[in-house]
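Full structure from sequences and hints, please.
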Amino acid sequence: MASAVSVCRSGDMSVALKAGLKASNDDYFSQMAGINQIISIAHQINSDVINLSNHKYIAHQIALLYQSLVNYNNSLTMLSYKTSIETGFKQIKLTLNSFPEGSIPKLTPDQVQWLLDLTSGLVSILTEFPKDITNEAFDVVKFLQEN
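According to the numbering used here, the stretch in the sequence shown is residues 1 to 147, in order.
Errors might be hidden in some of the hints.
Have a look at the derived ranges for each label pair, beta carbon to beta carbon [to be verified]:
1) 53 to 32: 31 to 37 Å
2) 26 to 57: 30 to 36 Å
3) 100 to 39: 33 to 39 Å
4) 129 to 44: 17 to 23 Å
5) 53 to 27: 40 to 46 Å
6) 100 to 26: 47 to 53 Å
7) 77 to 112: 22 to 28 Å
8) 75 to 120: 17 to 23 Å
9) 97 to 27: 37 to 43 Å
Just so you know, the hints here were simulated from the structure itself, not pulled from any lab data. Note that beta-carbon positions come from the ideal geometry of N, C-alpha and C, so glycine has one too.
Take a look at the structure:
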């Protein structure tokens, strides 16, 4: 079977879709969904740390953010965020578990600042769509621009 690019150059777009462009579309949408998931969780954590007086579930949200990063991409950019979460998570978990039963768990000001920096940094980087994070996601866009 001919490659999608060679088929498209001959002018038959419907054959190109069958020949592999669909796989690129799937990769693109999967990458965009991963980026959206990480950004959404980061926004939620950021908002909860600022607006909630009870930080009981922040550790769970951080774990969800970490898992989203692990499932999404293994770039060096994301590796630094994963490492930061691995280090900071333990301390946050200790802090939140140290409150007596019936009291309201609250992060320390340093932990709040760390989470704000972490989440805003992730959102900032991901909305720039750096090449090491998005890798092949934009092959579809590139292909369409060329044709």
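Is 22 to 28 Å respected by the C-beta to C-beta distance linking residue 77 and residue 112?
With a Cβ separation near 24 Å, residue 77 and residue 112 satisfy 22 to 28 Å, so the hint holds.
Per the hint of 30 to 36 Å, is the separation of the Cβ atoms of residue 26 and residue 57 within bounds?
holds, 33 Å
Please test the hint of 40 to 46 Å on the beta carbon pair from residue 53 and residue 27.
holds, 42 Å
Is the distance from the Cβ of residue 97 to the Cβ of residue 27 consistent with 37 to 43 Å?
Once the Cβ atoms are compared, 40 Å apart, the range 37 to 43 Å for residue 27 and residue 97 holds.
Residue 120 and residue 75 - C-beta distance against the hinted 17 to 23 Å
holds, 19 Å
With 31 to 37 Å as the target window, see if residue 53 and residue 32 comply at their CB atoms.
Distance hint for residue 53, residue 32 holds at roughly 35 Å.
Are residue 100 and residue 39 spaced within 33 to 39 Å by their CB atoms?
holds, 36 Å
Just to be sure I understand the hint, the distance between the Cβ atoms of residue 100 and residue 26 should be within 47 to 53 Å; is that true here?
holds, 50 Å
Just tell me: holds or violated, for the beta carbon distance of residue 129 and residue 44 against 17 to 23 Å?
holds, 21 Å
Of the numbered hints stated above, none is contradicted by the structure.
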